[in-house]
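Go by the hints and put chain B onto chain A.
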Amino acid sequence: MNAAGAAWLLAGALLLAGALAWSWLRRARQAERLHAETRHKLEQLQREFERFAPPDLVERLTGGRGDVAPQRRQVTMLFADLRGFTALCDRLDPALTVTILNDYFRHMSEAIARHHGHITELVGDGLLALFGALETNPWQGRDAVLAALDMRAALARYNAQLQAKSLPQLQFGIGIHSGEVIAGVMGAGELNKFTVTGDPINVASRIEGLTRDLGVDLLVSEDVKKALDAGFRLRAMPPARVKGKPAPIQTYHVEHHEARP
Amino acid sequence: MTQLLNEIPWGESLLAPDIDPAWEAELKRRGGNGSEVDRRVAPSPWIREACLGINTGTACAISAHLFNIAALVTAQENACRYCYGASRSYLLMLGYSESYIRRIEQEVHLAELDEKERAVVAFCRNLARSRPRPARAELDGLVDLGYTREAAREIALWIALGCFYNRITILIATPPELGFEGWVSAKRLKFLLLGPLMRFQAARRRRGKRDPVLTEAALGAGIYGPVLAPLAGLPGARIMKSALDGAFASTVLSRATKALMFAIVARSLDCRTSEVEARRLLAAEGFGDAEVEQSLASLASARVPAAEARLLPWVRDTVHFQTDKIQGRTREIAAALGNAAALEAIGVAALANATVRLAMLVE
Numbered sequence: 001m002n003a004a005g006a007a008w009l010l011a012g013a014l015l016l017a018g019a020l021a022w023s024w025l026r027r028a029r030q031a032e033r034l035h036a037e038t039r040h041k042l043e044q045l046q047r048e049f050e051r052f053a054p055p056d057l058v059e060r061l062t063g064g065r066g067d068v069a070p071q072r073r074q075v076t077m078l079f080a081d082l083r084g085f086t087a088l089c090d091r092l093d094p095a096l097t098v099t100i101l102n103d104y105f106r107h108m109s110e111a112i113a114r115h116h117g118h119i120t121e122l123v124g125d126g127l128l129a130l131f132g133a134l135e136t137n138p139w140q141g142r143d144a145v146l147a148a149l150d151m152r153a154a155l156a157r158y159n160a161q162l163q164a165k166s167l168p169q170l171q172f173g174i175g176i177h178s179g180e181v182i183a184g185v186m187g188a189g190e191l192n193k194f195t196v197t198g199d200p201i202n203v204a205s206r207i208e209g210l211t212r213d214l215g216v217d218l219l220v221s222e223d224v225k226k227a228l229d230a231g232f233r234l235r236a237m238p239p240a241r242v243k244g245k246p247a248p249i250q251t252y253h254v255e256h257h258e259a260r261p
Numbered sequence: 001m002t003q004l005l006n007e008i009p010w011g012e013s014l015l016a017p018d019i020d021p022a023w024e025a026e027l028k029r030r031g032g033n034g035s036e037v038d039r040r041v042a043p044s045p046w047i048r049e050a051c052l053g054i055n056t057g058t059a060c061a062i063s064a065h066l067f068n069i070a071a072l073v074t075a076q077e078n079a080c081r082y083c084y085g086a087s088r089s090y091l092l093m094l095g096y097s098e099s100y101i102r103r104i105e106q107e108v109h110l111a112e113l114d115e116k117e118r119a120v121v122a123f124c125r126n127l128a129r130s131r132p133r134p135a136r137a138e139l140d141g142l143v144d145l146g147y148t149r150e151a152a153r154e155i156a157l158w159i160a161l162g163c164f165y166n167r168i169t170i171l172i173a174t175p176p177e178l179g180f181e182g183w184v185s186a187k188r189l190k191f192l193l194l195g196p197l198m199r200f201q202a203a204r205r206r207r208g209k210r211d212p213v214l215t216e217a218a219l220g221a222g223i224y225g226p227v228l229a230p231l232a233g234l235p236g237a238r239i240m241k242s243a244l245d246g247a248f249a250s251t252v253l254s255r256a257t258k259a260l261m262f263a264i265v266a267r268s269l270d271c272r273t274s275e276v277e278a279r280r281l282l283a284a285e286g287f288g289d290a291e292v293e294q295s296l297a298s299l300a301s302a303r304v305p306a307a308e309a310r311l312l313p314w315v316r317d318t319v320h321f322q323t324d325k326i327q328g329r330t331r332e333i334a335a336a337l338g339n340a341a342a343l344e345a346i347g348v349a350a351l352a353n354a355t356v357r358l359a360m361l362v363e
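Protein chains in written order, with my numbering: chain A, 1 to 261; chain B, 1 to 363.
Pulled out of the complex, with its shape left as it was, chain A reads as follows (with noise of 0.2 Å):
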């Protein structure tokens, strides 16, 4: 071979280099870009997925981590329920009541969120909370009574604003009760949530139903009364039957919590 052939194979040998690097080069990027778009579609799903479930929880689920599995776990829960809302709901136009209802499920999300909580049901007009369902947590029982008392403050503020509209205000019942459930994901099929399941959580709904009957807003159960401190002001209130238990229980109307016992 000739210099100007091997000159010519030698250019021809570059090009396709060149070619080659800048076809590389072009998948790169798209590869980049491909990778940049989905993890971008990642997050924004996952805060879609934080609107219905704790972002404690969607960060396990996501983040591939096996620690969402069932087990036993000592955990506090808050029922409350609003009362007469059913027969407000006939008498209020569906939108605006739809508003109310969301209204109020914001103020008090937040109030339980402030003190460690999470809600894990909605059920009509109804909540359940869960203190300590995701993780250890010492204070529990203390969060719980402390999210109900701000639950109470911030009812008290929305319904001075639902006053100034000369909308009717609402009142709640709220039940606390702790003990060892077991935690985890649970469903069928496409509806799963991660919630509890035991005997404890239908105590606590029983003391949400109790306040309706005893005319008090906020009950604790004995257990919970045991992880508070001086701080909290109880009255004690006559034991009364609930629905399986044989035996009366033992409830405490929470007033107040000084912040310094």
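The hints are simulated quantities; they were obtained by calculation from the structure and are not laboratory data.
Virtual Cβ for every residue (Gly too), placed ideally from N, Cα, C.
There may be inaccurate statements among the hints.
Far from chain A, by Cβ distances over 10 Å, these chain B residues were calculated [what the hints assert, rightly or not]:
(1) Ile-19
(2) Ile-101
(3) Lys-190
(4) Ala-203
(5) Ser-298
(6) Glu-332
Restraint-style ranges between C-beta atoms, simulated for each label pair [said to hold, decoys possible]:
(7) A:Leu-122 / B:Pro-196: 30 to 36 Å
(8) A:Glu-43 / B:Gly-288: 46 to 52 Å
(9) A:Asn-2 / B:Arg-206: 52 to 58 Å
(10) B:Pro-21 / A:Glu-43: 44 to 50 Å
This is chain B only, laid out in the frame that chain A set:
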């Protein structure tokens, strides 16, 4: 999801810079860079010493590469806008490419790291996050992968020191070093080419620098001795010990408050070793067992001065936090206590978080 730099919310700085010419000269002499952090922590002797020690400290058992990656990942995991931005820019300055850094931040399994390095990144995230709390087994896992016991301990120590520094800057809401970040960004191409040379120079400087080390007996003798003793021979252990001794010798906050703050962080992270040490400190202040239990249950104590009472519930929230919310709460603390006490409280909270994270690994 772990946040990226531009996703971290960051409030107005809690403290104004405190320009102390004598300290600025001292900083310069000892290789400090007079950062936004240095100027804000200047009023507290033990905090400023700890911050300077962390900024100028070296590792002896792990590579500079791993050290820098660990600093970046820890800052990102702690959602510290200040440290994350500074670490990122420093890596760019050393010639790491933007895409390389991005892969570490976003998808570590796609990054050009070997199995051992990926394990360190995962360890950084787990220890910084502590949700769920890591245990000794995770440290042993690094040894199983081929790191020496000393290297594994040094990695854990620098993550803990990173957690300390990150919390200082987060709680103060130290303004990010935008000047430095912008300068590095503008000269990115230059650094991409000169980076390997800068890395070589940094490694040479590091080899020439021998930070003093403390013996097991010296580390084990003082406050939180059982946690510090296994770190004998590591230069960073001296920073931790000086900070602990300085924090408890300081008179800005009461000793009972500080010991309770440590106990609360220990209980939050379910760390028995740390709680035992905190109880020892509380016993020296006259607390009985029942009183400690009652104080921990109620996050309050009659022995804590009234002005400092709000620090007990607050310190619990420094364990796991959302950056903007904890900065807001810390601002309330500063408004109630004044800047000097707030800075001291920030230092103690940061140190308690770092110490307990280390202690979890010796249990």
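Hint check:
no.: 1; hint: Ile-19; in the structure: 38 Å, holds
no.: 2; hint: Ile-101; in the structure: 13 Å, holds
no.: 3; hint: Lys-190; in the structure: 21 Å, holds
no.: 4; hint: Ala-203; in the structure: 29 Å, holds
no.: 5; hint: Ser-298; in the structure: 3 Å, violated
no.: 6; hint: Glu-332; in the structure: 13 Å, holds
no.: 7; hint: A:Leu-122 / B:Pro-196: 30 to 36 Å; in the structure: 57 Å, violated
no.: 8; hint: A:Glu-43 / B:Gly-288: 46 to 52 Å; in the structure: 51 Å, holds
no.: 9; hint: A:Asn-2 / B:Arg-206: 52 to 58 Å; in the structure: 57 Å, holds
no.: 10; hint: B:Pro-21 / A:Glu-43: 44 to 50 Å; in the structure: 46 Å, holds
Going through the hint list in order, the structure does not satisfy hints 5, 7.
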